[in-house]
Every structure is written in structure tokens, then in C-alpha cells.
Amino acid sequence: MASFAEPLLTRSGDTVCREYDIFPPALPELPELREPKILQSSPVEIGELVLVDHPRILLLENYLKAGWKCSQSGTYLRKEALSRLIKVAESLPEPWGLCVFDAWRPLDLQAELYETAYEDPVLP
Numbered sequence: 001m002a003s004f005a006e007p008l009l010t011r012s013g014d015t016v017c018r019e020y021d022i023f024p025p026a027l028p029e030l031p032e033l034r035e036p037k038i039l040q041s042s043p044v045e046i047g048e049l050v051l052v053d054h055p056r057i058l059l060l061e062n063y064l065k066a067g068w069k070c071s072q073s074g075t076y077l078r079k080e081a082l083s084r085l086i087k088v089a090e091s092l093p094e095p096w097g098l099c100v101f102d103a104w105r106p107l108d109l110q111a112e113l114y115e116t117a118y119e120d121p122v123l124p
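Residue 42 in the working numbering sits at position 42 of the sequence shown, with consecutive numbering throughout.
Simulated crosslink set (DSS-like; lysine-lysine; CA at most 30 Å straight-line):
1) K79 / K65
2) K79 / K37
3) K69 / K79
4) K87 / K37
5) K65 / K87
Here are the in silico distance ranges between beta carbons for each label pair:
6) C70 / T15: 18 to 24 Å
7) V122 / S91: 37 to 43 Å
8) A89 / V122: 36 to 42 Å
No lab work stands behind these hints, which were simulated from the structure alone.
Here a beta-carbon is modelled for each residue, glycine too, at the ideal position from N, C-alpha and C.
With the sequences and hints as input, model every part of the structure.
Structure representation (C-alpha cells):
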């Protein structure tokens, strides 16, 4: 069974990069992030979920590969989110693309992650 005791919830970034033979270049540190004064609320309706399938978007499926029993193959996003993601992927110079670590999760996987976190005595 997968657990939070693994390197980074699923697999380490180095492991994933070696597996897919992708090595991002070193970049300068990000500027200090500040919380917005007004937070947008989440949409009440989730919208239509669609399968992510694009040649410039790599799907890592880390929960599935790490052995979480309620994970499933395939990566789903709201149609509007996928449209925006594709626009970004296609705006990148070749051979760059995007990797999706996490997207929509089924409720039983959400519950499995939650229950595992609260059963782990190491986590606060």
C-alpha cells in the first residue's frame, strides 16, 4: 500500500525525471509569493470532465504508479482547464511540453489519501 512515508507522497522528482528522460534546466529562484487580498471562490458546478490526451502533455500518473489502491489510469480535467493547458503547451518552443502530476481525483482516492494522512503518526 502506498503511504506518505515515501519520498514525496508518490515518487521523487529525480525518479520521475530519469524515468521520462526529462531534465529541466536550472532556473533562478521564484520571487516571493504573496497571498491575494481577495480569493476567488471555487465553481459550484465541476463542469464536464474530459480525458487529457495531447502529444505535448505528459501524464505522470504518480498515484497509480506509487500503488494507491483507489487510483485509476487516465487523467481528467474540466474541459475549460484542458483547453487552457493545451494552449500553454502549444505556446512552448519545441521540444518543450508540460507534465501533469495531478488532476481530478475520484472521491475514493481522495478518501484514501485523507485516511492515510490521519493514520500516519509522523504527520501533524
